[in-house]
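Residue numbers (UniProt numbering), protein chains in the order written: chain A, 1 to 310; chain B, 1 to 279.
Treat each hint with caution, since some may be false.
Said to hold, decoys possible - BS3-like cross-link-like pairs, simulated, lysine-lysine; straight-line CA separation at most 30 Å:
#, chain 1, residue 1, chain 2, residue 2
1, B, Lys206, A, Lys197
2, B, Lys87, B, Lys268
3, B, Lys206, B, Lys268
4, B, Lys268, A, Lys197
Source of the hints: derived by calculation from the structure; they are not laboratory data. Nothing here was measured: the structure is a model prediction, and the numbers come from that model.
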Amino acid sequence: MRSAAPVLTVLAVIVGIWYLAVAPMNVRVALDQAERAGEAVVPEGSVPRRAVSVWRLMRDNSEFVHLGYALERPRLPTPQQVGQELWKTTGEMVQKGRPFSKRGLIYHGWITLQSTLWGFALGTLVGILGAVAIVYSRTAQLSLMPWAIISQTIPIVALAPMIIVLSSQAGIEERGVPKAIISAYLCFFPVLVGMVKGLRAPQPAQLDLLRTYNATGLQSFLRLRLPASVPYLFTSLKVGIAAALVGTIVGELPTGAISGLGARILIGDQFGAPLAIWSALFAAAVLAGALVTLLDLIQRITLKRMGMAT
Amino acid sequence: MSWLILALLVWLGGWALNIWLSRWDRLRAVRIAVPVIFGVTLLVVWEALVRGFGISPVILPAPSVVAQTFAASTDLLWIDFQQTVVKGALRGFTIGAIAAFVAAVLIDRSKFLTRGLLPIGNFVAALPIVGIAPIMVNWFGFDWQSKAAVVVVMVFFPILVNTVQGLNEASAMQRDLMRTYAANYWQTLFRLRLPAAMPFVFNGLKVATTLALIGAIVAEYFGSPTRGMGFRISTGVGSLSIDLVWAEIAVAAIAGTALYGIVAWIEKRVTFWHPSQRR
């Protein structure tokens, strides 16, 4: 709680800078609008204005600067506009009794969340299995680990359209499957690295002790290695779920998807609706924050019950 | 049918060879040979499966076809590489890394800012920032500037967070020692704290190399001049020249691995003293 005051201060400063930046960013559009409404703007015409700096424009036309804060298609919307748009597409929908309307962000967020969770589950499974293989087999370690690292240096987005073409040719019409594969690809690596570290966390002395108990390999895995890896697992799960969300949204961007937060960004871009882009971005941020916080909570409860809380 | 049997045989053979080889896992040659054999096995199995099942090249071209296309269109690939990697990703990466580094050193002087900015930086680093690509294309135009802008925003926070964390790495004892030497702030910074921060800085840089390529390619899906890897991939998928798309993916993979390798190589030279570099 010690950091609440600094965080809030920094947030307030960021919002302040944002508000200040809106005026210069939007002044040209605002002046165009004022001119079309028949007002006298210096200099006349949007083409000659292009040669004049925004600061000069703001000084010469100070009475029109406020227009930049209420544009319908701003280059940079105000935080208030973004908040209103967010509320209009979530809270208001709920009040009207249609929370899952296709025009609302709750529906699109739900689509994105589903793919994220599938990808997260798949990626976590692959990561954990890979880690077990790497810890128990020297051959697997030597052959898999370098490729796991190389796989992370390949920009998956290059593969995203390919995965969609492939899966649609393979007869999978569902959009969620390719998106889940992409997000699994992004999220398996942190889990793999964390689990390898966690499964190797027990000291040799502890492993020796189990050997003196005549424990089988499976027993020492279940009773010692697996519990010891839990803190590492949770740390990497938090990184992994954020990566999975990024993967899903990237999977929705270049592929002509029509539902999901990434698709909202794409559609907002194509229809020139910047407010839709910004509200979808913030919805994605809220979703990411909620998922990480949820995992953090589960981590605390689990570690406490296991007696590992610090 | 014979292709499928070949795939199975190559798979089993490669695996057996690797198991046999990994008995000498202390040898450097074995450490390199085993993953290479694994990779080659994958390629051969891919080739054999594509031929065995008669998969149309429109869906999944065989590696040999991709290699031919790669060799035949190096001019095109080179133009795309320059546009996306050299102009977009590398410039953005450099600007973002320098900005984040300077910001971290400035933030570090104030305890208040460190405590306020770090949680926010951590949070922003976990966000899907690629989504800002259409906004940046709108602000900075279609050419490489908008791609670099996306990359700057994407790499900024991971490097910032890691650097600030690294600057706190030098222990109180070490700082006290510097004080007994009558070292001033800058001397302490350059002689003690920045070197101690380097393993963290390089962690951030390594994460950022991948992000830089992702940002540069995704931003091209939202408009680009008629060149660039993202442009070629999206139009290639549309016009069903999938072999060219795979060639671009190969370029992306090589570029990504090379970037990561360069950063890792510099890291090895700079942080040679760190325990993780010991063999």
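We went through each hint and held it up to the structure:
1. B:Lys206 with A:Lys197: holds, 19 Å
2. B:Lys87 with B:Lys268: holds, 27 Å
3. B:Lys206 with B:Lys268: holds, 12 Å
4. B:Lys268 with A:Lys197: holds, 21 Å
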